[in-house]
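As a plain string of letters, each chain reads:
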Amino acid sequence: MDRHGQQEMGNPARPLRLVWVYPDLLSTYGDRGNALVLERRARLRGLPVEIVEVNSDQPVPRDGDIYLMGGGEDLPQTLAARRLLADGGLPAAADNGAVVFAVCAGYQMLGTEFGGADGAPVRGLGLLDMRSGRGERRSVGEIVADVDPGLNVGKLTGFENHQGVTRLGPNARPLARTTLGTGNGDGTEGAYAGRVLGTYLHGPALVRNPGLADLLLHWAAGPLPPLPPQAEELASRLRGERLAAVASAG
Amino acid sequence: MDDNTQQRLRLPMRARVATTVGGAAATVSRLAGKGDGSVIGGIIGLRLAPDLLSLLAVGRQVVLVTGTNGKTTTTKLITAALAPLGGEIASNIYGANMEAGLTSALSRAPDARVAVLETDEKYIPAMIKATRPKVVVLLNLSRDQMDRAAEIWLLARRWREALEAAPGGRVVANADDPLVAWAASGAKEVTWVAAGQRWREDSWCCPHCGAHLQRAGDDWSCRECGLRRPPVTWTLHDNDVIDPTGRATPLDLALPGRANRSNAVIALAVAEAFGVHLTQALRELRTVTSVAGRYTQVNRRGCDIRLLLAKNPAGWLEALDVIAPPPAPILLSVNAQGPDGKDTSWLWDVDFRRLRGRHVLVGGERKLDLAVRLEADEVPFRLVNNIDEAIDAALTVARDLEVLANYTAFQQYRVALGRVQ
Chain A
3 MDRHGQQEMG NPARPLRLVW VYPDLLSTYG DRGNALVLER RARLRGLPVE IVEVNSDQPV
63 PRDGDIYLMG GGEDLPQTLA ARRLLADGGL PAAADNGAVV FAVCAGYQML GTEFGGADGA
123 PVRGLGLLDM RSGRGERRSV GEIVADVDPG LNVGKLTGFE NHQGVTRLGP NARPLARTTL
183 GTGNGDGTEG AYAGRVLGTY LHGPALVRNP GLADLLLHWA AGPLPPLPPQ AEELASRLRG
243 ERLAAVASAG
Chain B
33 MDDNTQQRLR LPMRARVATT VGGAAATVSR LAGKGDGSVI GGIIGLRLAP DLLSLLAVGR
93 QVVLVTGTNG KTTTTKLITA ALAPLGGEIA SNIYGANMEA GLTSALSRAP DARVAVLETD
153 EKYIPAMIKA TRPKVVVLLN LSRDQMDRAA EIWLLARRWR EALEAAPGGR VVANADDPLV
213 AWAASGAKEV TWVAAGQRWR EDSWCCPHCG AHLQRAGDDW SCRECGLRRP PVTWTLHDND
273 VIDPTGRATP LDLALPGRAN RSNAVIALAV AEAFGVHLTQ ALRELRTVTS VAGRYTQVNR
333 RGCDIRLLLA KNPAGWLEAL DVIAPPPAPI LLSVNAQGPD GKDTSWLWDV DFRRLRGRHV
393 LVGGERKLDL AVRLEADEVP FRLVNNIDEA IDAALTVARD LEVLANYTAF QQYRVALGRV
453 Q
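Listed in order, the protein sequences are those of chains A and B. If you read the first sequence in my numbering, its first letter stands for residue 3, the second for the next number, and so on. If you read the second sequence in my numbering, its first letter stands for residue 33, the second for the next number, and so on.
The shape of chain B in the complex, shown without the other chains (with noise of 0.2 Å):
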């Protein structure tokens, strides 16, 4: 008898009977054709066990993963670092990132020693708890759907106090975001890495004590109470990753973008902590080419469309950075249902006045609100209704097309263009 059935035969009987009935539920909900199941599974296996998480955490390796954006990424650049270890990871790769997604991850896979969990933010406290993680990675803190999400200095003091009460683990944590930082400065252990900050409206002011931060560069201290930016031991400088030992090395990722260079940096992080050499982890990185969806290109028609998800304006930001140069046309596009937040006063946080002199469509639910904020800063753009009339409109002036789109519009479209991964 190996290790690990002797582990899923230590797990109590009723965590047992929830893992195979949350399992059961969840193949039908996936036969249904209602996504992968893995929230409905979570959700059965929960409630016949509620301690279920903790349960099936025991005896694992575990790595948590959250921060405003990035994290569904991050998680799958992590998975890909770890290949190396061999046997199987567990990880909730669809996105769903909260107790039931967690659980459903780890009773899908009772053989896996590792486990690499994408986590919400509000989570992070309760799923510390629950699941006793090796690591916790913090990658960053930005306002995002407030309508619904929590206030970011609190979420920041929230995940402070869990560190801090939690018995060990180390954190993996970007010391460029102030927010990040201060939050992870409560755990044991940290790593520090320089992973970048594009976004800053969040961070003119020291979370400890509120007074306006100095910042020159990427560093940042607070001339009021002494907060400032540990050293770091993880740096990311342009396409180069310097480890500890002060080597640069090309990262040469096959995802595009600053912002995906940041989550790689902190991916070697971890691998490092799991005993992961950088050699071999970056080779495991560069084969990452789209994450559910993300960054896929499909043709459709003799375009080449390439969709972007970004939910928030610090998304928007390093996604406008990526898209690709002039004369690409550009389809911008926004809904504002429950998952995108109701409110669409964020765009006015997105600076679009480099779109000038593009190409720009504009659809999804709520383009008006969209188009009212492109005529402020002075953008031509056109109407769409559909992601057909969208190509359309560009394949008058080009053969390829660049899609950035929120949430639920990022889903409709990729539903349209058959379910591309």
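Okay, chain A solo, but in the shape it has when bound (with noise of 0.2 Å):
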């Protein structure tokens, strides 16, 4: 039984240990919402947290549950997947079955390679199969997708701001479909391989997602119960609105 078992097998004392990975380089907006949600879920469920910022000129620890890489600019992604080749410390987590969870740039990185600020290739984590290039325009909106059904989670909503153009190799899955927006530029959005996931979705994409924000935890901690509904009612209104704001736009 891997360390990531042992919360299934109960260890309350434990906190869930959230590690956000480089806020200095990899924050452009708002990515400090995924680890608020998270969180938020996590204790209503009685399950403790300790997040973990972990700035670019330290070590990543290896012993995190779950691990969020947000959004950034060119040269900073560049700067960011540069530094955590050196460190290590992620790719051995990943590979030691934590659950990461990135967005914008920070999906880009986790693939084997993705554009640079000049366009040249820069070399990615290689955490999942995947290769990034920049596309012709840029994709600036709100996006829509259907998840895969073998995920369990609803309907993605959220907002893109890239230029991306993603390609799935064979050894990952793309995360969901789009049905407006851009995502990977193929009609498939995101991507995710065991417990590694990653989406155009940018900012705080698990805001309006719950649904993939509790699918990490449950990765990382197992079976969750579900919250009462009074906790959900806030999100889930604001998810309602999104999505039928697009809907009618359309």
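Heads up, some of the hints might be wrong.
[Stated by the list, open to error] Cross-link-like lysine to aspartate or glutamate pairs, in silico, EDC-like; alpha carbons within 16 Å at most:
{"#": "1", "chain 1": "B", "residue 1": "Lys166", "chain 2": "B", "residue 2": "Glu221"}
{"#": "2", "chain 1": "B", "residue 1": "Lys374", "chain 2": "A", "residue 2": "Glu144"}
{"#": "3", "chain 1": "B", "residue 1": "Lys374", "chain 2": "A", "residue 2": "Glu243"}
[Stated by the list, open to error] Partial chain B-side listing against chain A, Cβ under 7 Å, derived:
{"#": "4", "residue": "Glu183"}
{"#": "5", "residue": "Cys237"}
{"#": "6", "residue": "Trp378"}
{"#": "7", "residue": "Trp380"}
{"#": "8", "residue": "Ala403"}
{"#": "9", "residue": "Val404"}
It is worth saying that the hints were derived from the structure and are not from the lab. A quick note: this is a predicted structure, and the numbers were derived from the prediction, not measured. Cβ coordinates follow ideal geometry from the N, Cα and C atoms, glycine included.
Two chains, two frames, some hints: make the complex.
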């Protein structure tokens, strides 16, 4: 049994460790939201949480349960990838079964390569079988996508703001199929393999997608009881409002 | 014939025609109630003479003011600080800060020898070329409406390249903001101001080489490439301005907040570049009480309402510092129309925990986004649908109401309260 199985065996004293990777380089827009949503949904279920912010001049701890990576401009993205590869902590944790959730620039970095500031390929972390490059035009706006039914998560709703095009290899599965917006650029959106998952939804992607937040918590901590309805009410209303707004606009 | 008249006559005929037609269009627009007309007037003028702005700038001493936050207020403060020069000062006081707005501001004030022009961050390189400014003011740079704005590292590089290419002129820049300092150090002459930096989430890393910056208090330096905070000649210290002679003078502004004291010190540094002495300039700064409706107090139904505008996380952080202490209720309001940025993600960059225990009302077209954000920070609140509901709710606990809103939400309230200035 690995370290991550221990939560399922019941070890309530050990808090769930959320490691936010490089907020100094990768937190372009509200990325803190993902940590806050995971923290809230875990605590409401009696699961204690510890949020560890790791800056780019610090080593990435290997004993985290969920690693979060945010968005960033081209130059910070390249710098962050270089440092994470040199540090080795994140790939080691992922190999050991930790959950990794990355958005936008962080998502691209999970692949084997992505397009850097001058468009030249930059080596990624290689945690997902995919490659990203730069597309013809920037995709900015609301995105809606139907999630892989095997994951049992509702529609994705969020905002994308990127110029990336991502192609998945045989060892990664698309997270979703877009019904609005661009995503990976070929009708798919995001990718996952094992407990590593990424999406082009940027910033606080888990705010409007509590089902996805619960999937990550489930991967890290085992089966979870549902939240009381009143704790879900505002997020559900927001989610409904946004999905309705883009449906009527489209 | 005086100098100004001569200057006007030196304008080529097509520029004179363009100015006249543009001005007429602006008047029609104003009369039709479509705002102040500065954009439409400028657009029409530029269509008739594409180089109209540079023609209009000839022979004037131009100040360009840019940065993510505080542009409008600082433009007003500089304009006030330069009043002792005498004579008219051209300025785009209504915040129309792209080429058409600048053009309109100059064409409406043909006799003004001095122009203080708020300029959009993206347009600074082109506007430097067109107006050959005497002074460029760089206030701060932070994340802002990134669904339509440029990435800020990229923006800093464009500023730097534009200043390197500029033939002359002075830059007045905030040394405490690493991105701004790096951009400004491309210029030939810089007046460095320790204007402070409240929001630091966009400057943990070196703008030159990307290494994590060493920061202690307001000081910062890069261990990798050696970039460091430049030595300053003006400093904001609490309520005091410390001038280049080292003397401290209380600012005692009518405008509230640290951000405005920071803007005021910048304005004093600009005034000095025009030969206006600190005591004269400061006297003028203290007379500024509101800026295009911001900080205005109005009374409705026995409730004193104060309007604060903030458009992005850095602005909200500063504005939350300014909000009156309890028990004053607070109305937070957010829209996501084009001018606001259509993405509300930035709300998650604002720390609302300090509002715990306050009486908080939530409004605006995206009030649910704000509600979910406050819920995560464990800040209780009540949803309201308009300013009247907010006033009703406020009057149950107090006789005043602090309103903090982003751009179009602010304008909607301003209109609802009777276009307050």
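Subject >> Interface restraint verdict for B/Cys237 against chain A (beta-carbon cut-off 7 Å) >> reply: holds (6 Å)
Original post:
CA of B/Lys374 to CA of A/Glu144, is that 16 Å or under?
Top reply: Holds - the C-alpha atoms of A/Glu144 and B/Lys374 are around 9 Å apart, at most 16 Å.
Subject >> B/Lys374 paired with A/Glu243 [C-alpha distance capped at 16 Å] >> reply: Judged against 16 Å, a Cα distance of about 15 Å means the pair holds.
Subject >> Interface restraint verdict for B/Trp378 against chain A (beta-carbon cut-off 7 Å) >> reply: At 6 Å from the nearest chain A Cβ, B/Trp378 passes the 7 Å test, so the hint holds.
Original post:
Is the interface hint for B/Glu183 satisfied, with its Cβ closer than 7 Å to some Cβ of chain A?
Top reply: holds (4 Å)
Original post:
Close enough to count: is the Cβ of B/Val404 nearer than 7 Å to one in chain A?
Top reply: Hint on B/Val404: holds, closest Cβ of chain A at ~5 Å, below 7 Å.
**OP:** Hold the hint about B/Ala403 up to the distance rule: shortest CB distance to chain A must be less than 7 Å.
**Re:** holds (5 Å)
**OP:** Compare the distance between the alpha carbons of B/Lys166 and B/Glu221 with 16 Å, and conclude whether the hinted pair is satisfied.
**Re:** Roughly 11 Å between the alpha carbons, so the hint for B/Lys166 and B/Glu221 holds.
Subject >> B/Trp380 as chain A interface residue, shortest Cβ-Cβ below 7 Å >> reply: holds (3 Å)
Hint compliance for this structure: no hint is broken.
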